[in-house]
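Sequences are here, hints too, so could you generate the full structure?
The residues making up each chain are set out below.
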Amino acid sequence: MPLIDLANPTRFLNLSGKLLPWLAAATAIAFAVGSVQVAGAPDDYQQGATAKIMFVHVPNAWLAMFVWVVMSAAALGTLVWRHPLADVAAKAAAPLGAAFTFIALVTGSLWGRPMWGTYWVWDARLTSVLVLFLMYLGLIALWRTVDDPSRAGRAAAILTLVGAINLPIIKFSVDWWNTLHQPASVFRAGGPTMSASFLVPLLVMALAFTLLFLTLHLAAMRNEILRRRVRTLQMMQAQSAVGA
Amino acid sequence: MTALGALLVRDMRLSIRIGGGALMGVLFFLIVVTLTPLAIGPDLALLARIGPAILWLGALLASLLTLDRLLSADHDDGSLDLVLMGRAPLELAVVTKALAHWLTTGLPLVIAAPVLGLFLNLSPAAIGAVMLTLLVGTPALTCTGLIGAALAVALRRGGLLLPVLVLPLTVPVLVFGVSAANAAVVGPVPFGTPFTILCAVTLVGLVVGPFAAAAALRHGME
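Sequences listed follow chains A and B, in order.
The opening position of the first sequence corresponds to residue 1 in my numbering, with each subsequent residue numbered one higher.
The opening position of the second sequence corresponds to residue 1001 in my numbering, with each subsequent residue numbered one higher.
These are calculated hints, taken from the structure and not from any lab test.
Heads up, a few of these hints could be off.
Unchecked claim - Pairwise CB distance ranges (calculated):
{"id": "1", "chain 1": "B", "residue 1": "L1118", "chain 2": "A", "residue 2": "K171", "range": "37 to 47 Å"}
{"id": "2", "chain 1": "A", "residue 1": "L199", "chain 2": "B", "residue 2": "V1204", "range": "31 to 41 Å"}
{"id": "3", "chain 1": "B", "residue 1": "L1035", "chain 2": "A", "residue 2": "S109", "range": "54 to 64 Å"}
{"id": "4", "chain 1": "B", "residue 1": "G1078", "chain 2": "A", "residue 2": "R82", "range": "22 to 32 Å"}
What the hints assert, rightly or not - Partial selection, computed: residues in chain A whose CB lies under 10 Å from chain B:
{"id": "5", "residue": "A124"}
{"id": "6", "residue": "L126"}
{"id": "7", "residue": "V131"}
{"id": "8", "residue": "L134"}
{"id": "9", "residue": "L139"}
{"id": "10", "residue": "A157"}
{"id": "11", "residue": "V200"}
Fair warning: this is a prediction, and the values are worked out from it, not measured in the lab.
Glycine included, C-beta positions come from ideal geometry on N, C-alpha and C.
So, in structure tokens, the structure goes:
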């Protein structure tokens, strides 16, 4: 089905309403499988059991960047095609992205304490992710400043695209600078450096968190559409009350 | 071209005369740099060590202070609508306004930096390095701020939002500006390495800023 068919919010509500329970079930199953696998994963020979923080930290860090990519795609949808659901998607994604980034930062610093001896260091990867978090908060502030959603949508779209410049900096910061944060070990030229006993649970957990994002995102988009309908109804009601 | 020239002259005149904020930024810069040693304590060795960072932070905050003037006054009196409807390409008109803004608020910061550097016990080499990095870096700050100013002017009540939107985007300029200035003083990296990256960041800002700002104005004002 072409994307333009989803431009009708009612059709989108129908379809997403049917899709949502399946997505939620898939998320629950993926988390169940992932938890079993994580529990079965061996302890790291150097880090011991603390290495298991990785199974929460890494998927959240991936999603922190992935959500901004989703918002950038939605921003293009807003600016180029004027797709009516694009700014709904962008608005619904911003708080989710901020939450994933926050979890990545918190789990990372909890992991850093036993391993590096400190909760926080100002190295390139940590700083650029913190900047990403601040940009998410700025974007949410922008959405909350303007009362007209379509106008806020276009402003947020431009800011999202400008902010997307930060994404490659985050991705490659560990290669460009000698950081305390370890370099990429899964998506790298020459294949993963991780053993399968860690890699498989990690990928399952990444899938689970991605499904969680999709579920929450769809639900948040539905809420946003309904919220806008309520707003329009309230405005019509207020107008007719004045007219009477 | 004459229209753009007229716009440049007009903007510079407006910001220099009564009601314009041309010297407000420098004054703010002076105050921030005066307050820092009061907070840290008058340890001259320490001040010389962190002086470049203080100067850069002060300049960053001072350039933020005057950003609100870049477009909002023109929006209030309606001349921004004339610029939007004019025959000159909006991107170039926006660049012209940014240039006028930089000449009246950014360049004075660069000129004031040596005097403030003396307050902070900086060596002549360090003062030169800070001036050079500020000269290259402040246009990038203006261009980043231009995006924020365009977004803020398109939205009502945007002024409060402006620093929150702009500051995260200025991180690369600050990082490489300060590291280049420090490299000239203490090393160990040669001055050229961070300085060329700072130049690259500025060039990227000069390209991205006007287009994003023009897009924000077009989408926001319709």
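Check your understanding: Taking the CB of L199 of chain A and the CB of V1204 of chain B, does the distance hold inside 31 to 41 Å?
Key -> For L199 of chain A and V1204 of chain B the Cβ distance comes to about 36 Å; the hint holds.
Point to revise | Status of the given 54 to 64 Å range, CB of S109 of chain A versus CB of L1035 of chain B | key: violated (31 Å)
Point to revise | Supplied contact hint for L134 of chain A, tested at 10 Å Cβ to chain B | key: Holds. Min distance 5 Å.
Practice item. Return the status of the interface hint for V131 of chain A: holds when the least beta-carbon distance to chain B is below 10 Å, violated otherwise. Key: holds (5 Å)
Practice item. With a cut-off of 10 Å on the beta carbons, see whether L139 of chain A makes it to chain B. Key: The hint holds - L139 of chain A has a Cβ within 10 Å of chain B, the shortest such distance being about 8 Å.
Review point. Given L126 of chain A as an interface hint, is the shortest Cβ-Cβ distance to chain B below 10 Å?
Key: violated (13 Å)
Practice item. Mind checking the hinted window 37 to 47 Å against the Cβ distance between L1118 of chain B and K171 of chain A? Key: The hinted range 37 to 47 Å holds for L1118 of chain B and K171 of chain A, with Cβ atoms some 43 Å apart.
Exercise for review: Confirm or reject the claim that G1078 of chain B and R82 of chain A have a C-beta distance inside 22 to 32 Å.
Suggested key: Holds, at about 27 Å.
Practice item. Could you check if A124 of chain A really has its C-beta closer than 10 Å to a C-beta on chain B? Key: holds (9 Å)
Point to revise | Hint check: 10 Å Cβ-Cβ cutoff, A157 of chain A to chain B | key: With Cβ-Cβ at 8 Å, under 10 Å, it holds.
Check your understanding: Against chain B, is V200 of chain A within 10 Å by beta-carbon distance?
Key -> It is violated, given that the least Cβ distance between V200 of chain A and chain B is near 36 Å, above 10 Å.
Hints 3, 6, 11, counting from the list given before, are not met by this structure.
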